[in-house]
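*Asks:* Note that the protein sequences, when read in sequence, are chains L and B.
To convert, note that position 111 of the first sequence is 110 in numbering that gives the first Met the number 0; the numbers rise steadily by one, no gaps.
To convert, note that position 158 of the second sequence is 157 in numbering that gives the first Met the number 0; the numbers rise steadily by one, no gaps.
Simulated from the structure, these hints should not be mistaken for lab results.
Cβ coordinates follow ideal geometry from the N, Cα and C atoms, glycine included.
Fair warning: there could be bad hints in the mix.
Unchecked claim - What follows is a set of in silico ranges between Cβ atoms, one per label pair, in the way DEER data are often shown:
# : chain 1 : residue 1 : chain 2 : residue 2 : range
1 : B       : 52        : L       : 155       : 44 to 50 Å
2 : L       : 163       : B       : 203       : 34 to 40 Å
3 : B       : 51        : L       : 306       : 50 to 56 Å
4 : B       : 51        : L       : 162       : 48 to 54 Å
5 : B       : 208       : L       : 54        : 43 to 49 Å
6 : L       : 295       : B       : 146       : 39 to 45 Å
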Amino acid sequence: MSILVLAEHHNGQLAASTAHVVGAARAIGGDIDLLVAGENVGGVAEAAARLDGVARVRVAENAVYAHQLAEPLAALLVELADEYSHVLAAASTDGKNVLPRVAALKDVSQISEIVSVESADTFKRPIYAGNAIATVQSSDPLKVITVRTTAFDAVSEGGAAAIEALDFIADSDLSRFIGEELAQSERPELGGARIVISGGRGMGNGDNFKLLDGIADKLGAAVGASRAAVDAGFVPNDMQVGQTGKIVAPDLYIAVGISGAIQHLAGMKDSKVIVAINKDDDAPIFQVADYGLVGDLFEILPELEQKL
Amino acid sequence: MKVLVAVKRVIDYNVKIRVKPDHSDVDLTNVKMAMNPFCEIAVEEAVRLKEKGVATEIVAVTVGPKATQEQLRTALALGADRAIHVETDERVESLTVAKLLKGVVDEEKPDLVILGKQAIDTDNNQTGQMLAALTGMGQGTFASEVAFGEGVEAGEVRVTREIDGGLQTVALKLPAVVTTDLRLNEPRYAKLPDIMKAKKKPLDTRTPEALGVAVSSGLELLKVETPAERKGGIKVGSVDELIDKLKNEAKVL
Numbered sequence: 000m001s002i003l004v005l006a007e008h009h010n011g012q013l014a015a016s017t018a019h020v021v022g023a024a025r026a027i028g029g030d031i032d033l034l035v036a037g038e039n040v041g042g043v044a045e046a047a048a049r050l051d052g053v054a055r056v057r058v059a060e061n062a063v064y065a066h067q068l069a070e071p072l073a074a075l076l077v078e079l080a081d082e083y084s085h086v087l088a089a090a091s092t093d094g095k096n097v098l099p100r101v102a103a104l105k106d107v108s109q110i111s112e113i114v115s116v117e118s119a120d121t122f123k124r125p126i127y128a129g130n131a132i133a134t135v136q137s138s139d140p141l142k143v144i145t146v147r148t149t150a151f152d153a154v155s156e157g158g159a160a161a162i163e164a165l166d167f168i169a170d171s172d173l174s175r176f177i178g179e180e181l182a183q184s185e186r187p188e189l190g191g192a193r194i195v196i197s198g199g200r201g202m203g204n205g206d207n208f209k210l211l212d213g214i215a216d217k218l219g220a221a222v223g224a225s226r227a228a229v230d231a232g233f234v235p236n237d238m239q240v241g242q243t244g245k246i247v248a249p250d251l252y253i254a255v256g257i258s259g260a261i262q263h264l265a266g267m268k269d270s271k272v273i274v275a276i277n278k279d280d281d282a283p284i285f286q287v288a289d290y291g292l293v294g295d296l297f298e299i300l301p302e303l304e305q306k307l
Numbered sequence: 000m001k002v003l004v005a006v007k008r009v010i011d012y013n014v015k016i017r018v019k020p021d022h023s024d025v026d027l028t029n030v031k032m033a034m035n036p037f038c039e040i041a042v043e044e045a046v047r048l049k050e051k052g053v054a055t056e057i058v059a060v061t062v063g064p065k066a067t068q069e070q071l072r073t074a075l076a077l078g079a080d081r082a083i084h085v086e087t088d089e090r091v092e093s094l095t096v097a098k099l100l101k102g103v104v105d106e107e108k109p110d111l112v113i114l115g116k117q118a119i120d121t122d123n124n125q126t127g128q129m130l131a132a133l134t135g136m137g138q139g140t141f142a143s144e145v146a147f148g149e150g151v152e153a154g155e156v157r158v159t160r161e162i163d164g165g166l167q168t169v170a171l172k173l174p175a176v177v178t179t180d181l182r183l184n185e186p187r188y189a190k191l192p193d194i195m196k197a198k199k200k201p202l203d204t205r206t207p208e209a210l211g212v213a214v215s216s217g218l219e220l221l222k223v224e225t226p227a228e229r230k231g232g233i234k235v236g237s238v239d240e241l242i243d244k245l246k247n248e249a250k251v252l
């Protein structure tokens, strides 16, 4: 077996998620290659080559791949796919955008967001917002898979894989990059943070999220939000934790003013320890919380920040 | 401009699901069904494009057994002009649905196809991307804004996408595929007179055979289980007690 893992990178940095996808690839077994596609990605390729278990890093360095647009990136993956039994990517917005396109072009199914590897062709994945776990077996000659990165341990560093340049350019006139607005934050990424503190509708407005910021700074935590808080315009979409937002599984998750809708629980219920702070004693979030504190968040948060 | 909008019948998002005792699947007998929420957003976007004078005709399409016509009637009540039902009783996965939708695209030749980004049953998030691949179209997935007209070149659509780091905007050559994210719009409810009128709107039926698509699957569903349930813990009485528990009992601080 041979596995191609699509490396994820942002601003010239290899994303932490890639080491988790390599972890999933190792669970499948076989030779593992990484594909780095982008512009000015020499540093990304070097970081990728250090990941344990990677045999080869293949680098497609070209402006057409600069923004990870699905059309050229899928064409590149299709060009390489015949050399592999599996193609893997993180179940991130990049991975979810491109891999189904690759699968369709190869006329095979795609398996979304696996959480465990049972064998080289059998995988578990959550369905119905994580309220059921399906075991699926693929009979396709090529397995195209996105990986829920929180479900697999990251491989460590220490490898020294060969780096090889690819000269295939998949130019496409179907799409053009116009621009992007990326959130700027000094805090850790939501997906990889050891501690996450999230606010919900109970925060009242966007300004009040500052109450979470102070605690996050003290704990080195990432700040998240429920869908209700994002829909209400309190905070931007990239902070949403849930079925259709980001899936997190930190050591400690602190839910503040979040009632605990099914779709939010789907995004955080694999956290090791969950704390809920809510004024409603009956809020469903308390059913999954290890420690619940009933009360007014506007009194509790300043006290918590001061005492930490 | 003609807009094709695809909808899916799924378990109502308020229903708590049950796994069948034999673990073969989720039990859907006597369960309330509804249009997938992301598909409602897709229909709403198509209707708004028509209200703005951008779209001239909206065709709604679904794949599934006879009962899925209920969701097509909902789409018609919300503003679709006509509907196409691709009828099959078999379990169809995303790739098959994409192939069937390609058959409809080949017949209808829409300028824009709008789908929900994922269905809340299988949570696959695949069909739109696959349809774009099969039809050779560009794709604007996870859309929070779909723009035509001012500032957008003729023959293109500009799509703002919700991505992990924030927002990305792309221009796609038409025809193109767009999949909807939550913040694209807030869907309206169908009004009673429109529900009555929708019953008279045209609804055509196709079969997979007529569209030249074999319903097959590369994936076998071996088992469906209920995940390990997380047990609720304790309530603490104060901030001091909370910090003490996190430090000394859970040891996460």
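*Asks:* Give a verdict on every hint.
*Replies:* Here is how each hint holds up against the structure:
{"no.": "1", "hint": "B:52 - L:155: 44 to 50 Å", "in the structure": "violated, 58 Å"}
{"no.": "2", "hint": "L:163 - B:203: 34 to 40 Å", "in the structure": "violated, 52 Å"}
{"no.": "3", "hint": "B:51 - L:306: 50 to 56 Å", "in the structure": "holds, 54 Å"}
{"no.": "4", "hint": "B:51 - L:162: 48 to 54 Å", "in the structure": "holds, 50 Å"}
{"no.": "5", "hint": "B:208 - L:54: 43 to 49 Å", "in the structure": "holds, 46 Å"}
{"no.": "6", "hint": "L:295 - B:146: 39 to 45 Å", "in the structure": "holds, 42 Å"}
Checked against the numbered hints given earlier, this structure breaks hints 1, 2; the rest are met.
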